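FYI, in mature numbering (1 follows the signal peptide of the UniProt record, and there is no 0) the residues of the sequence shown are -17 to -1, 1 to 158.
One or more of the hints may lead you astray.
[What the hints assert, rightly or not] Okay, derived cross-link-like pairs now, DSS-like style, lysine-lysine, Cα gap no bigger than 25 angstroms in a straight line:
1. LYS58 - LYS28
2. LYS157 - LYS58
3. LYS99 - LYS75
4. LYS99 - LYS140
5. LYS140 - LYS28
6. LYS54 - LYS28
Calculated from the structure, these hints are not laboratory results. These figures come from a predicted structure and were not determined experimentally.
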Amino acid sequence: MMALSLLLLSIVGAAQAEDPPPAPVPAEVRALEGCWRGEGEVMGKPVEITLAARPAALGTLMTVDADSHAKADPKDRYVAHLILAGRGAPPKGGPATGVSGFWADSFGGDATAVGKGEVQPGGFDIAYPYPDASFLNRWRRDGDRMTWTIVLQGNGKETPFAAYGLMRAACPPKG
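Kindly generate the complete structure, drawing on both the sequences and the hints.
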């Protein structure tokens, strides 16, 4: 029995030692860390939005919590929880450029999606495919200002879906 335990431990130890390191989170994604506040439009409806972005899972991921409500009716809320991470190996001699993500929101489990994207000048793009179309998210940051636009891609066209202008803000106290 002792020999079997030692064999299992050696197999598990060898498998862990052989696991490749996680893809690095691109700097453009890590730059979201902190809190943001802003305004925008979703399908033509004026909204206010807050974001809180923080590293998770030993720095291998970033989580982004978005909370928005219609300006005309604060009870008309929408909340999303995004997980962003690196994807693939960095280019030879360069920084990480691949982005992967998971989208979950207040529409529940049937509205989740896994996305893929790439670093772009000043930010990154990530597309989340759904059966009828894809939602392309474009994140751009310039210092303490950020834009986040979402376009619906389908039938060879892009249709504006949401656009936000945000500024870095103080994070609320924990607890």
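Outcome of the hint check:
Proximity of LYS58 to LYS28 is assessed by CA-CA distance (about 14 angstroms); at most 25 angstroms being required, the pair is judged to hold. Between LYS157 and LYS58, the direct Cα distance comes to roughly 24 angstroms. Compliance with the 25 angstroms bound is thereby established for this hinted pair. Note on LYS99 and LYS75: the hinted pairing holds, with a Cα-Cα distance of about 20 angstroms set against a maximum of 25 angstroms. Annotation: proposed proximity of LYS99 to LYS140 holds, straight-line Cα distance about 19 angstroms (limit 25 angstroms).
Proximity of LYS140 to LYS28 is assessed by CA-CA distance (about 21 angstroms); at most 25 angstroms being required, the pair is judged to hold. A threshold of 25 angstroms between alpha carbons decides the hint, and for LYS54 with LYS28 the separation of about 8 angstroms falls inside it, so the pair holds.
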